[in-house]
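Peer 1: Here is what each chain is made of, one letter per residue.
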Amino acid sequence: MTINPEFNGQELFLDQTVTSSEGYLIQFTELKCFLEDIRSYENLLIDAGLFDYRAKGVDVFRTPGDPAAFDSLNFNLGVRSDLNHSDPTLFPTNSDLNIINANDMHWDWNPGYIFVKVEARVDTIPDTIENYDHNVVFHVGGDVNLQDISLNNLQWNLIAENEYQLDLKLDMEKFLNDGNQSIDLRTEHTSHSAPNQAPLSLKIMQLFKSAISTY
Amino acid sequence: MRLFGVTLLILMLSLSCRKDKVSYVATPYELDIPSHFPQMIIPEDNPMTVEGVELGRKLFYEELLSGDNSMSCASCHSPNAAFSDPEQYSTGIDGIQGNRNSMALINLGWAQNYFWDGRAITLEEQILDPITNPIEMHETWPNATEKLSSKLIYRNLFYKAFGEEGIDSIKVTKAIAQFLRTMISGTSKYDVMYKYENGISLSSTDQQILNNVTIDEWAGYDLFKSLNGADCLHCHKGTMMRIDGFSNNGLDATFTDLGRAEITGSTFDEGKFKIPTLRNIAYTAPYMHDGRFSTLDEVIDHYSFGIQQSSTLDPLIEFAFQGGVQLDALEKSLLKKFLLTLSDEGFINNPDFSDPDE
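For the record, the sequence lines run as chains A and B.
Residue 531 in the working numbering sits at position 179 of the first sequence, with consecutive numbering throughout.
Residue 333 in the working numbering sits at position 222 of the second sequence, with consecutive numbering throughout.
To be clear, the hints were calculated from the coordinates, so they are not data collected in a lab.
Some clues are possibly wrong.
[Claimed, not checked] Result set (DSS-like, lysine-lysine): computed pairs, CA atoms no more than 30 Å apart in a straight line:
| # | chain 1 | residue 1 | chain 2 | residue 2 |
| --- | --- | --- | --- | --- |
| 1 | A | K526 | A | K561 |
| 2 | A | K555 | A | K521 |
| 3 | B | K258 | B | K282 |
| 4 | B | K447 | B | K336 |
| 5 | B | K169 | B | K258 |
| 6 | A | K555 | B | K348 |
| 7 | A | K408 | B | K348 |
| 8 | B | K336 | B | K348 |
| 9 | A | K555 | A | K408 |
| 10 | A | K408 | B | K336 |
| 11 | A | K561 | B | K258 |
| 12 | B | K336 | A | K561 |
| 13 | A | K408 | A | K521 |
| 14 | B | K348 | B | K271 |
| 15 | A | K408 | A | K561 |
| 16 | B | K282 | B | K348 |
| 17 | B | K169 | B | K271 |
| 18 | A | K555 | B | K336 |
[Unchecked claim] Covered stretches of chain A (chain B as the covering partner; in silico rule of three or more C-beta atoms under 8 Å from a C-beta of chain B):
| # | stretch |
| --- | --- |
| 19 | 411-422 |
| 20 | 443-456 |
| 21 | 536-547 |
Built from N, CA and C at the ideal position, the CB exists for glycine as well.
All chains should be built: construct the whole structure from the sequences, respecting the hints.
Peer 2: Have a look at this one:
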């Protein structure tokens, strides 16, 4: 499975400057998220996949499976509660939930894993000078912020002999504004999922979910 | 006829004296991994063996690996300094100093990047570097392995470790890597605090240590983790007391050492360096990639008031706009008390890590 970041219909690269609908200049510096319990009904495809755009590129995971058995997928955006607070050293070393692989996507046993991480530099000052006046740091986790995603009628593309790939889109423009709700990076630029950041944290998760789709 | 008889006799004698070569099979080494640590991934081409670790330990202290036979790995990674260098910059055999402080060798079996700039991604690859580095041990591999090969003891030790004759750079690095993977620090007071707060069962020894954790140390730990306190947890947490990654922690506004950018070539990596573990930090002064801070107090002052703005400053240093987290005197004292709980005497004084020839 791959996740392919886009902005304004174009492939999005980290550290590249893009312009938001408000005219802000944005350089995304980190895009990461945890997908967990990836399955089609009773068929489990994989326990978890970590999307880490800087370290791993668009690849999320590679696993044995029959594409015919996975024409739809359900998974968590984040990590469900019972795993979220368990010992992160005990997952198999090939699982992205193992602390060595999760690395900076884990805070502590409580509150657990960081579900979504978005970091960026933003220039919100409307002039012609590139001056990044804000850092955006969205580190969101916590059981109440867990989201579930369902994808249907999936097209697995044959990319090599016996190797199929599912490409998902991550529309970061939609992450900032999906038509129902939006984030104003001038005033909403930090969340570590602290109690006083609960509304923004939930909105970040909902918008990130909204940004993920099939092609 | 007489000549034929002599020839036959010699042939028979030579055949009777010939023994089948029996390859030595090294003994698997069981790592003593603390219960709250993740499993260590051992490279398939370098399994841990008792003989390999023993050889690696001897090589770690071996001065023959340097150009003038005066310097070993331990010269810049002193056991008394948690296997770091108490000097700001290490001095090579030619009297040349580098521009970075030697990193402490702690729990390297779980690392994924090595050196301050991350230019090696395996432990074996990391070990290759200092021996030929002209400002460090400044030796060629052919010379180094020839010197080792001239010693009977090494011929035997290498044979036992690898089950075949011959010494080369790959075997040297593999053996030292095996030794370094045994250097596990996981028995500090902090480890007991970590286990206690996460509900991991404590041994009777752990329980005694827990009883001696002071209110100030717990308060310092809370401060360490607090987003509105010292805010250390983004980079230093968990059993390793670090994350695997690189950060510009606000030491300079402009850079004389580009750090990670020297490897990646990216301007976005300028001024970023590997995030080190804080384990045994009381022993690993001086601090930072260039050893600019002599004391923990200076380090805490830096994060409190000394953060320098630059384009690659880590965004997780959220109080950079005011120079840092602005801890007061009491908070600094509490934080320091917590940092001292990371000292692991069992690691520092482990006889298995000392020079086998002393």
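Peer 1: It remains to establish, for every hint, whether it holds in the given structure.
Peer 2: Structure-based check of all given hints:
no., hint, verdict
1, A/K526 x A/K561, "holds, 10 Å"
2, A/K555 x A/K521, "holds, 19 Å"
3, B/K258 x B/K282, "holds, 14 Å"
4, B/K447 x B/K336, "holds, 13 Å"
5, B/K169 x B/K258, "holds, 14 Å"
6, A/K555 x B/K348, "holds, 27 Å"
7, A/K408 x B/K348, "holds, 22 Å"
8, B/K336 x B/K348, "holds, 8 Å"
9, A/K555 x A/K408, "holds, 26 Å"
10, A/K408 x B/K336, "holds, 28 Å"
11, A/K561 x B/K258, "violated, 62 Å"
12, B/K336 x A/K561, "holds, 29 Å"
13, A/K408 x A/K521, "holds, 16 Å"
14, B/K348 x B/K271, "violated, 39 Å"
15, A/K408 x A/K561, "holds, 20 Å"
16, B/K282 x B/K348, "violated, 34 Å"
17, B/K169 x B/K271, "holds, 14 Å"
18, A/K555 x B/K336, "holds, 25 Å"
19, 411-422, "violated (count 0)"
20, 443-456, "holds (count 6)"
21, 536-547, "holds (count 3)"
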